[in-house]
Amino acid sequence: MDFAALGLTLRLASLTTLLLLLLATPLAAWIASGRGAARRMTQAAVALPLVLPPTVLGFYLLVGLGPATALGRTLIALLGHPVAFTFSGLLIGSMIYSLPFAVQPLVVAFSSIDRPTVEVAQVLGADPWTVFRRVTLPLSRASFMTAAVLCFAHTVGEFGVVLMVGGDIPGVTRTLSIAIFDQVQELRYTDANLTAAALAGLSFLALLVVYGRGNRRAELA
Amino acid sequence: MPDPRTSSSPPSRAAAESPQQLPLFQLRLQTRVGALHLDLELSLTSRWTVIFGPSGSGKSTILRAICGLLSQKPRSGIFSNFLAARGGSGAPLEWDRPHHRVAPHRRQLAYAPQGAVLFPHMSVRENISFPCAARRIPSPGLRAAQQTGSSEEIVDQAIQCFQLEALVQRKPGDLSGGERQRVNLARAFAVPHPRLILLDEPFTGIDRALRGALLPRMQERAVQLGAPVLSVTHDVEEALMLGAEVIRLEQGRILDQGAASLVLAEERARMLRILL
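As you go down the protein sequences, you meet chains W and E in turn.
The first sequence begins at 1 in my numbering and counts up one residue at a time.
The second sequence begins at 1001 in my numbering and counts up one residue at a time.
Misleading hints may appear alongside valid ones.
Claimed, not checked - If you anchor each label on the Cβ, the simulated ranges turn out as follows: (1) W:184 x E:1169: 31 to 39 Å; (2) E:1262 x W:116: 29 to 37 Å; (3) E:1056 x W:116: 47 to 55 Å; (4) E:1034 x W:212: 30 to 38 Å; (5) W:201 x E:1056: 53 to 61 Å; (6) E:1120 x W:69: 41 to 49 Å; (7) E:1177 x W:15: 45 to 53 Å.
Worth flagging that the hints you see were computed from the coordinates, not collected in a lab.
The C-beta atom is built at its ideal place from N, Cα and C for all residues, glycine as well.
Isolated chain W, as found in the complex (with noise of 0.2 Å):
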């Protein structure tokens, strides 16, 4: 069992996770207020890494933060370095794949909240802010459980774009997916087999919390 692996794939899918509530709640909130061309292209974009190969995503990532771009340029004046294979890098790049997890189930369960309980809430003296504190977000705590759950569980999971954004740098990028993928090259299988049921484990605890959320909800209906 490779630990260095493991501690900074659960740094990983923490950050991850933390960073992409707090980016994914305005997004969705705003995806989910209204209609028109800017919110549907937003949510076709946030998307796109579910159809995406994870290849494809990092190939991007890799040039776009390189030097070849303002942005990558940019980045590197900032923190001195390039980002790419750097946990920065990773980190980056883990959040552009896991936003669908965040976003989806978050505009979901804005998107579904009774337009005439918000309405109510406006009249009786609540500005936007208290409603989305006091209305909005209280109806809408499972979902934000589901998502954090499904980032966490995804950026465990992820290989292609850890790969091509980070490489393979033991205790700086390598995680425990690429751990596996290391020990089956070198032919140590059971290392590989006690990495991969850890994973398994993890996943299926993860799904587990998710639907067992989604019962209670549905048996409190």
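Since the structure of chain W is already known, use the hints to place chain E on it.
Structure of chain E alone, referenced to chain W:
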């Protein structure tokens, strides 16, 4: 400005009966929602005014327009929408301008929508406390409490008024239809300093005996709050029981306005014929 040929203002009955009475609330409304064209001037001279009319006549739409809940975009079927309101002194209210420019939360309205729309994640007490919490009315002891009553005080009075003491810890999902409606009303009557109290079909699901008990309490509470009540109903008996001024509405136009016994005389006679 409304077209004088089409604008529907209250007929002379109310004015003839109380020519010296200053209106407590006035508003002019022009809007189109789907096939319904609302073009009217409301002048509330009574502490309690009932908009009476058949389904689809625009009763609830008037309340929603006052609340600022109608969409402005032509693509959604609204072509024009103008609302102006003045208080009893004739001074312009804070939102005396095209109403789409005043957000619903700034209108200082108390509102009980049709169908008892409660916050499902909050207890009965939290639902009733919502208007105070949203406006950040302080707890007892602070300066503002001396002027407005603390949030606890306002909420307790509303709970007592609607006989909800035994239900305060329950969630809306555990309530019957009538109980939900009482919470809906209590929440509206817990709005501090409302400019106008809007009640959409307030007694739906509430049995007659309880309605009879609640009515005087609601009237008294409205006087305490110092705000006129504008309620909507299609129930003749309810309109007559309230003894309020009645505005009869049909297809978005005011047909008549005045004392319930006069405006609803025909309906009253019809009801009596059925009973006798």
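Now the hints, each set against the structure:
no.: 1; hint: W:184 x E:1169: 31 to 39 Å; in the structure: 58 Å, violated
no.: 2; hint: E:1262 x W:116: 29 to 37 Å; in the structure: 35 Å, holds
no.: 3; hint: E:1056 x W:116: 47 to 55 Å; in the structure: 19 Å, violated
no.: 4; hint: E:1034 x W:212: 30 to 38 Å; in the structure: 44 Å, violated
no.: 5; hint: W:201 x E:1056: 53 to 61 Å; in the structure: 60 Å, holds
no.: 6; hint: E:1120 x W:69: 41 to 49 Å; in the structure: 48 Å, holds
no.: 7; hint: E:1177 x W:15: 45 to 53 Å; in the structure: 48 Å, holds
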